[in-house]
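J.: Take the given structure of chain E and dock chains U, B and L to it, following the hints.
Protein chains in written order, with our numbering: chain E, 1 to 524; chain U, 1 to 554; chain B, 1 to 639; chain L, 1 to 99.
To be clear, the hints were calculated from the coordinates, so they are not data collected in a lab. A couple of the hints might just be wrong.
[Said to hold, decoys possible] Okay, derived cross-link-like pairs now, BS3-like style, lysine-lysine, Cα gap no bigger than 27 Å in a straight line:
1. U:K29 to U:K91
2. E:K513 to E:K392
3. E:K514 to B:K213
4. E:K467 to B:K162
5. E:K70 to U:K91
6. U:K431 to L:K98
7. B:K213 to E:K513
8. U:K431 to E:K174
9. B:K470 to B:K371
Since the model is a prediction, treat every value here as computed from it, not as a measurement.
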Amino acid sequence: MSFPLLTATAALPALGAVATAAVPAGKRNAAKSLALLVSLATLGLAVAVLVRFDPDGGRYQLTESHSWIKDFGVRYELGVDGIGVALLALTALLIPFIILAGWHDADPLETSSSRWRPTQGFFALILAVEAMVILSFEATDVFLFYIFFEAMLIPMYFLIGGFGDRAHPHQDEKTAAAQRSYAAVKFLLYNLVGGLIMLAAVIGLYTVAGSFSLTEIAEARADGSLDMATSTERWLFLGFFFAFAVKAPLWPLHTWLPNAMGESTAPVAVLITAVVDKVGTFAMLRFCLQLFPEASKWATPAILVLAVISIVYGALLAVGQRDIKRLVAYASISHFGFIILGIFAMTSQGQSGATLYMVNHGISTAALMLVAGFLISRRGSRLIADYGGVQKTAPLLAGTFLIGSLATLSLPGLAPFISEFLVLVGTFSRYPAIGIIATFGIVLAALYSLVLYQRTMTGPVKPELAKIPDLRVRELAVVVPLIALLVFLGVYPKPLTELVDPAVKHTMSDVQKKDPRPDVEASK
Amino acid sequence: MSASAVHSLWTMAATAPASNEIGKIDAPKIEYAQLSPTLIVIGAALIGILIEAFVPRRSRYYAQVGTAVLALVAAFIAVLALAADGYGTTKAHIAAMGAVAVDGPALFLQGTILLAGLVAIFTFAERRLDPAAHGNQVDSFAAQAASVPGSDSEKAALKAGFTTTEVFPLALFAIGGMLVFPAANDLLTLFIALEVFSLPLYLLCALARRNRLMSQEAAVKYFLLGAFASAFTLFGIALLYGYSGSVSYARIAGVVDGSVQDIDPALADTMGNDALLLIGAALVVMGLLFKVGAVPFHMWTPDVYQGAPTPVTGFMAAATKVAAFGALLRLLYVVLPGLRWDWRPVMWGVAIVTMLGGAIVAITQTDIKRLLAYSSIAHAGFILAGVIAMNPEGISSVLFYLAAYSFVTIGAFAVVTLVRDAGGEATHLSKWAGLGRRSPLVAAVFAVFLLAFAGIPLTSGFAGKFAVFKAAAEGGAGPLVVVGVLSSAVAAFFYIRVIVLMFFSEPQPGGPTVAVPSALTTTAIAVGVAVTLVLGVAPQYFLDLAGQAGVFAR
Amino acid sequence: MENLIALLIAAPLLGAAVLLCGGRALDRTGHLLGTLLSLASFAFGLVLFTDMLGKDAEERALHQHLFSWIPVEGFQADVAFQLDQLSMTFVLLISGVGTLIHIYSIGYMEHDERRRRFFGYLNLFLAAMLLLVLADNYLLLYVGWEGVGLASYLLIGFWQHKPSAATAAKKAFLVNRVGDMGLSIAIMLMFTTFGTFAFGPVLEATGDTGEGKLTAIALMLLLAACGKSAQVPLQSWLGDAMEGPTPVSALIHAATMVTAGVYLIVRSGAIFNAAPDAQLVVTIVGAVTLLFGAIVGCAKDDIKKALAGSTMSQIGYMVLAAGLGPIGYVFAIMHLVTHGFFKAGLFLGAGSVMHGMNDEVDMRRYGGLRKYMPVTFVTFGLGYLAIIGFPGLSGFFSKDKIIEAAFAKGGTEGWILGSVALLGAAITAFYMTRVMLMTFFGEERWRKQAAIASGAGEDYQEPHPHESPKSMTIPMIILAFGSVFAGGFFSIGDRFLHWLEPVTAHEHGHPPISAGAVTGATVAVLVLGVAAAWLMYGRRPVPAVAPRGSLLTRAARRDLLQDDFNHVVLVRGGEHLTRSLVYLDHSLVDGAVNGTAASVGGLSGRLRRLQNGYVRSYAVSMFGGAALIVAATLLMRAV
Amino acid sequence: MNPVNYLYLAALLFSIGATGVLIRRNAIVVFMCVELMLNACNLAFVAFSRLHGNLDGQIIAFFTMVVAAAEVVVGLAIIVSLFRSRHSASVDDASLMKL
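If we strip away everything but chain E, and leave its shape as in the complex, we get (with noise of 0.2 Å):
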């Protein structure tokens, strides 16, 4: 048997989590160096499998298998197709990066001695969080799936309530504690209502399908062996959708997302939205189109229009924001809104457009929010009016900032463009009245952005802003290799289409559709 590979991706980070919750509670510095030791050694894990799949091999490659627990049905399945290694990727990718920008996040407050920040934890906590995000982009069983998108709850749950920040320099402790565990509550409960529906549909699927196993319940259904009713597949999807909607999040179910994020510190802002809600958008792909095509198709109607508010809905919302971290969990609410319009628009680019939207998304919104974040942690506020004229004292920090935020708003030559742009047109070629609506998106998006840009870095230096420093190294060590990236996938992102590109034609044909032909061709 060969290497388990794809359990090593998980498993490093989990033994890692453990190690570093080992240290001793002296050396807060050994348990950060181990934590970004392991984060990059997964980040090599990571790129042998990328390396060693095959973008046009079978569907499902580096494939581990295991009886786990027979009397469920469940079993250790791992695999990945060129979506879960894209995935994959983008999480062994940002975890460094978070882990590097979190840096001090977790060090003991010197001025209010009450509030308690275990560093250790809060590593380990983020390596926890990594292993069982990777599992469940890795898992081809309904079950082990599902494991690991609720296991995650727990390590975010710590992650937001425990090490978040006061809002702005007036608000007292008591208060920014009580955000922090409303925002943290919210999440999970959110998050576990969505899961526990899914749970009731995982039970009804395994009722009905007599297995957990993705590949077999596929084959099933496309061979015609597995009859679901329509009412039956239709409930299931349902109960499926719901949890990965919440996850995503779509509008009207998006309202944990800016408390979630505006109350924790940027690198876990990021973890939730970059990492850990891919996990739903990512199950919308491969869970609800592969096995319930049919109820799929029927809802997608509903799931577009929805799509679409959030998108529009998102960054209006966005606009009005007066807190420079819920400003961005809007915007990701926006961003969200075209993923999951590419993926259920039923076009070979739509989903393409969606996948590299996941991807994108994650880097740019790395980008901007961590920015955000080593801006934040010099003012100690999150609110915008607190901010002017950054630029003129820190213009490397401004200029990151701006390049982040022209990523957000999907400037031609950034990677997200490239998604955006294929998400639109998919959309488009199937429903073009709501390619257009969310077409207005771009143009709120500039918005925003460019909003959030001007209030906080331009015009005259606030005061207490005369003094700041521009970026550390340890700061640059973060943004620029995103920003790298961000640059090289705008320009050139035939690596990430190639590799997604096989995957996306299989989930083509397993809802059985085509793309719309073009008019002139069609006429023809």
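T.: For chains U, B and L alone, coordinates are given in the frame of chain E:
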């Protein structure tokens, strides 16, 4: 009078033998080896009483603990031996002339009860937590139960260093009753076992060292309500007896599904009266639902859980539930399967209100013990969903759930005993604020238990919940599963609330301290954590076990 | 030879990358590097141009495929370039004028500590603009399109510490985004209609589809053009864009970027030709804008804003010409090129004036500057003559052709369009003369201003007008040459027409009145305009403070109230919308969830009260439960 | 006499006992009501025993009596200790724990 009527152990002697050989009495045939677990425990309990009588006060504690532990271990080994011998599967049969079943579910549950009992005995024996009184190490139990709280006699007892070492034989009696309860194969055995394990529990509830008024109140409430419920059960038994002319499970089942051949006119007459059967069955089931704490028979639970000494609460919550569900399973699957179309809808209703009621009321609780009580009510609802499944998976999933649940429960209550302030255990939730900061390990352990209660994946709670829900769904109870997950969501809220409190709230000045326990409680907690994680991550072996054990001997 | 095409873009792109990432080390030499790379690009352009001249007209187009950009099932986008005569024209204009303005900026930005970054942005702009005109498909064009938008954003807001500059930059980007939306919808329509968006296949396949689709595509392209080229209704950003440094105004907001819309329309000629309704809309937009810009230009006292109005108006001419179809394409581009020269010259001149006047932009505080800055005066003057269409100078040739072509449209439309174009010419003459007179002639109001200001306690430093350094005047002189001779050079022997015809096609229009009459009329209105301006601003002194003016004047000062409309409807409306949505999100969407949670909590509180502590009530509950169970069991049997 | 009448009597006694549990405050009386219910069961057992002509029911009645006796022992111990602490045997006074 029917010559070939199936007679039970109890009535054999009184029935004239068919051969009319007056004066010759057949000695009852008892398979002592197969009943050895129960006999060992009961025997040890009797020895415990002798110890109280004859062993000097100084050494009683050690003698009692030693006896109890030895007995439980021996009984457990006996269970293992029986299981290894195939009594759980191929050799499963009805022993003791039809009174007791020796089969998979019985052995599985007996094993679980014995282990849970053993762990509970550890917490009973803990003497490190309370500060020493007059130089004597003390446990959770009143120095002298007969002394009036606050009176001079109480002070004198304290000063003299009295301890109520009777708790160990009492617990052993209770365990002995519990061992019989799920194995009982006729209604009279069922009733006797019920009383044998209930009566010691009533007493144990009254024995708390701190908050004695509450403890006594709990005992009174538990006793009165328990006796009330017993009366109903007994009346139900009477009606079933009236219906079928027998208290034997097999006989009643045969009469219910019409497979009995020898029908005399009286039996034909009562068999025609369905009301006897239905009311009788409903009342017997009600008695068992009272023991498991299902809504609307749950109201004793919070008060008793709160008032009883915490180790007793843990023991009760775990072992009683295991025993009672075992009995319920056997009753419904062996005696009343022919009636399933009658009782299933009713049980649906009970399961739904139990799940929702327990979860919803728990939200606003402010005392950790009451909170866990309501939590146990909600869990009773989840288990009921598995009971209702009426398929082999239903049995095995319930067995698994019970095993998983009992260890989490004992562990959780053991943690509760650790958090103390001047007045004893600090059970008010507000005092738990910031516990995660003060003693991260204890808080983390408790969080693990809470997550298991909440059914988060990778804990035993999830595996158990998944098993029962899956069985229920396969048994056609899909809507029950949906209600189940919804109430899980509600339940998650209050478990999370405690976690928030422990980890994200500021510790209050003058808050409780966390006592450092001896190896006994530590073992209890460690076993709880280990079982929680093992059954969460690699439950297959235990599911296999439960699956193999999931067949009733008839 | 085609491999050189990528180098055209690569040179300035490299410059941008090096200058922006290079850090402080390049502060002292960065501007030279930027200029050199711009010059290199121009040189590559010249090489390609001479090579092109050596070929037959039909074989001049070059093509370079660099790499496959977005290969997705059913969707192919390549990074590939196409260099034909139309692109070549733009390449030379962009890199040529661009290089001049780089040189100019060396002097103009000398004292700015962020000069390196300025040159980085300029290089970035050149790269993007070249990409725009060299792309061989609409998607890549879109990249350049947004790229120039970005450069424009960065440069308008270059002085970010000024809130007005930052606001103007944001506004420019946003308004452009609306246009970009049009472009992306157009591309999506092309994709669904033709299955591709490369120029070649799309433009060849226009015959295969219905007019409706083509009209839709064309209108969306027009929307894009309106955004980028500041045409009504998306013109509002251009005036504010003057917040940027003056070389930026010259290069981006006069000579090159703002003409991208015209390029887009001419490039997509085949689509517009097949969609006459859309063409009509194009001409209307052009005509309206040329009047709009001209009127606004008359009222502005800020020299740059007056010139901005003029730019709008002149691009209106080009759009009008482009909307006329094959009879107008060539002239649109020709006017574009000549306009590039004289407008860039005018802006540089304005910059030179400001440079000598402490960055004062209010023309009412100028006056009589001709003797202090003679070179500026002469070059500005030549530009002025060119733009008003003084016979023999560049503007005369190009504008005259457009007016002619407008008449040649035929029918009522032709008459209306032609008359509007003539009227525009008159107004152009008026406002440009006004600028000229207020700046270089008349009394030296800046001297008086010092007295007024000191009286009012204002902090006003009396300027010491002086001529600008060589690095600034030389580009102005070169551009002045262009302003004077380009038109004639292009027109004599229809050189420009023959050059572009293979790409854009050309039809000779036949105006209802003779060409000579049109020319005569043009000259006549020119004289009228100049005379009117002289009567108002030359003969009598210009008040140092603007008089209240007529209703029209006041409206024109405020961009014909278009900004007020935007403010009230879009900005305020948008604010209300977002504010109410924020409220709704909190109270309704979130409230529903919190409400559910609260109601469960309330239920819990009420159910909790059942647990009243009395044994007897617990017994009642049990008794009731038992009764219920019995009843239900019996009922089940009964049912 | 028709043995069924004894059953009616048993049911009546059971109901009286149950009602007593529900309405009486004194713990001792409540407990006596429970005893009444147990005895009602006994009556039913004996009646059924007679009806079916087997002795099982009568034997069970003996067991029930023993159980009742055991209950009395335990119950009285608890109730007496409560009474001594509170000087009241009212079950309504024992309501420290609620909600």
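J.: For every hint, state whether the structure bears it out.
T.: To see whether the hints hold, each was checked on the structure:
A hinted pair counts as satisfied when its Cα atoms are at most 27 Å apart, and U:K29 with U:K91 qualifies at roughly 17 Å. About 54 Å separates the Cα atoms of E:K513 and E:K392, which puts this hinted pair outside 27 Å; it is violated. For the proposed pair E:K514 and B:K213, the alpha carbon gap of about 23 Å is at most 27 Å, so the pair holds. For the hint pairing E:K467 with B:K162, the CA-to-CA distance comes to about 20 Å; that is within 27 Å, so the pair holds.
As the CA atoms of E:K70 and U:K91 are separated by approximately 25 Å, the hinted pair is consistent with the 27 Å bound. Distance restraint check for U:K431 and L:K98: the Cα-Cα separation of roughly 19 Å lies within the 27 Å cut-off, and the hinted pair is therefore satisfied. In summary, the hint linking B:K213 to E:K513 is supported, as the alpha carbons are separated by about 25 Å, within the 27 Å threshold. Note on U:K431 and E:K174: the hinted pairing holds, with a Cα-Cα distance of about 17 Å set against a maximum of 27 Å.
About 17 Å separates the Cα atoms of B:K470 and B:K371, which keeps this hinted pair within 27 Å; it holds.
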